[in-house]
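In order, the protein sequences belong to chains A and B. Each residue of the first sequence is one higher than the one before, starting from 1 at the first, in my numbering. Each residue of the second sequence is one higher than the one before, starting from 1 at the first, in my numbering.
Hints listed in this document are in silico derivations from the structure and should not be mistaken for laboratory results. All figures in this text were calculated on a predicted structure; none of them were measured in a lab. Honestly, I wouldn't trust all of these hints.
As the list claims (entries may be wrong) - Facing chain A, according to a computed beta carbon distance under 7 Å, are these residues of chain B, among others: (1) Phe64; (2) Glu211; (3) Ala214; (4) Gly215; (5) His216.
For each residue, glycine too, the CB sits at the ideal point set by N, CA and C.
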Amino acid sequence: MNSISARRLMIIACVVIPHFSALAFQNSDQKVFDWPRFRGPEGNGISQESSLLKTWPAGGPQQLWRMLLGIGYSGMSVQNNRLYTMDSDSSAESVLCLNASSGELLWRQNIGPQYKNSYGDGPRATPTLEGDRLYALGAQGKLLAANSATGELIWQVDLTERFTFKPPQYWWGFSGSPFIDGDLLLVQAGGDGENTIAAFNKNTGALVWSRVAGFAAYTTPIAIDMHGKRQYIFVTAHDVVSMSADGNINWSYNWGGWFIKIAMPVFVPPDKIFVSAAYDIGAVLLQIGAQGDSVSVREVWKSRVMSNHFHSSVLLGDYLYGFDNGTLKCIEVETGTEKWGKRRLGKGSLIYADGMLIVLGERGQLVLVEANPQQYVELARHQALSGRSWTPPTLADGKLYLRNQTELLCLKMK
Amino acid sequence: MIARFLICIGMISFISANSFAQDKDIPVEAIIEKHIAARGGMDNIKQLQSIRLSGLHIFRGQEFPLMIQRRRPNMFRLETSSGYGPEMYLFDGETAHAIDAKSGDKKAIRDPRIRHFVEMMADFDGALVDYKSKGHQIALAGTESIEGQPAYVLEVALQNGPKEQWFLDAQSFLPVKRSSTFMDEDGQQTQSLYFMDYAPVEGYMIPHYFERNAGHYVYGYEIERVEINPGDTNQ
């Protein structure tokens, strides 16, 4: 191939491939704006939706529907105008499917007895959707795959029977959401021995591998491509662990601190991981180096500037937005420098869309905040829910879904 | 015209920057005088014999009834709940106690965070009022931004007590934050109070929301009703 041909090919590649990609993006708007798992399409709390309302009328955004649910903290996943979540009552823990536009119940699948806990009964994890399948993990370790159209169970594994447990494993119930990558379903199984992290075949429920000693945490893993390698980043009770698809440990970092870790790790491309926890632990930014087969883990900074208790931070450019216990903060990710902080929302949660942080305060205060590292700029506020509202918002197809422990509502955001 | 406008902007910026530089050098005495004036003046402060605050205690996303009563000399009483039944705490002028909800008996406060909080609330007038006669020492430790607003940081060495930090808003001179340390089984911990939503009530500037942070615990106190010298406070 001569150089002119090669250049032509390059031009074609540069012009045509992005064009086709863009077309694919446009043709799959519905899919792009689904919210198929915990913390959204990419698991990072970021939605690509645009043209959202920047201010609201006095009564807040239009409410499309509102319904009572059984008790629980499970988040909402949305795909093809169907909403999936979990709840419980005194008789059972359930996965349920609603029409996302109307709130009509389409099916309910009981998966086991109710989980009881002084901090609130019921399921914690969020269902994960892929194709025509739903994957869910109940608060008592019932891991399952179901037909997302009908709720029919495809397989079910009881993690507490598959592995052995010892306290304080899962004081507050199984909470991390099932994570799918390729044919693997990854969870913090929390088994005794080297069974903290487990990978199942998502099609059959068969155990593929289980690894890592110590205690599990309450976090959902992320998948990243770093140094040319696909890696699954888990935060266990005391460690940050990178696993490969074959179950090998790429690297680990002994974080220490109390065993309660809830927030997800945040990937800071190209080679850094941010993790954060409450209980006087704070945050650390890790840089992962790789030279040949040798991997190094370096603490770039470590501080208490951002202690994510329940909810994970959102990375936007050079800045992280998240809840430092009860203070909504913006910090510069490379240095840990605080840019601003705002109180009074309790231990809230947040997602990002269309230049705004969509923040849900601990008592159901819904707040739109500019994603602005220079200052806190509040655009709109609405008392959407009352009572303990620890479930993060879900944004899909221009609709925002919020829940407290017993109520679920849908607001029109466009 | 534009040039004049730019000159004006430049002068305003210079004056603002210059006055901020001067404010940084403000003596502690002047800060405290302004603080007392902002609260309603010394005479007014001394006329206050008791105060009752009613509203909501917010903890873990839930709301509970709240009543705080304060009375001279240094009496404090807090009645609330945090989901595990009624809670009553008081400072009787000398010691912090819990009150058993069933028997009404005084008992020691077991949680060091709560004991420390009750002790922080004990000084009826606040540590800055009459600080010399109380034996406290106060030094200006600079300025710090609290929720985007500059605040003077005062290091307050309490007589027979821990060192506290008081953060006074640089414009209003009202407290926006107060921090102090205490010991628990894990070692030295910091407890901070954040004061917000000041509004005048019968000549006194009262924060209508304050938040208490101790470790990862966050407690909100939303004040819905303020009674000045209600006359029937009990301890």
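Hint by hint, here is what the structure shows:
Because the beta carbon of Phe64(B) sits about 12 Å from the nearest beta carbon in chain A, more than 7 Å, this interface hint is broken. A cut of 7 Å between beta carbons decides the hint on Glu211(B): the least distance to chain A is about 6 Å, and the hint holds. A distance limit of 7 Å between C-beta atoms decides the matter here; for Ala214(B) the minimum to chain A is near 10 Å, and the interface restraint is violated. With a least beta-carbon distance of about 6 Å to chain A, the hint placing Gly215(B) at the interface is held under the 7 Å criterion.
With its C-beta approaching chain A no nearer than about 4 Å, His216(B) sits inside the 7 Å limit, and its interface hint holds.
Against the hints set out earlier in the document, violations occur for numbers 1 and 3.
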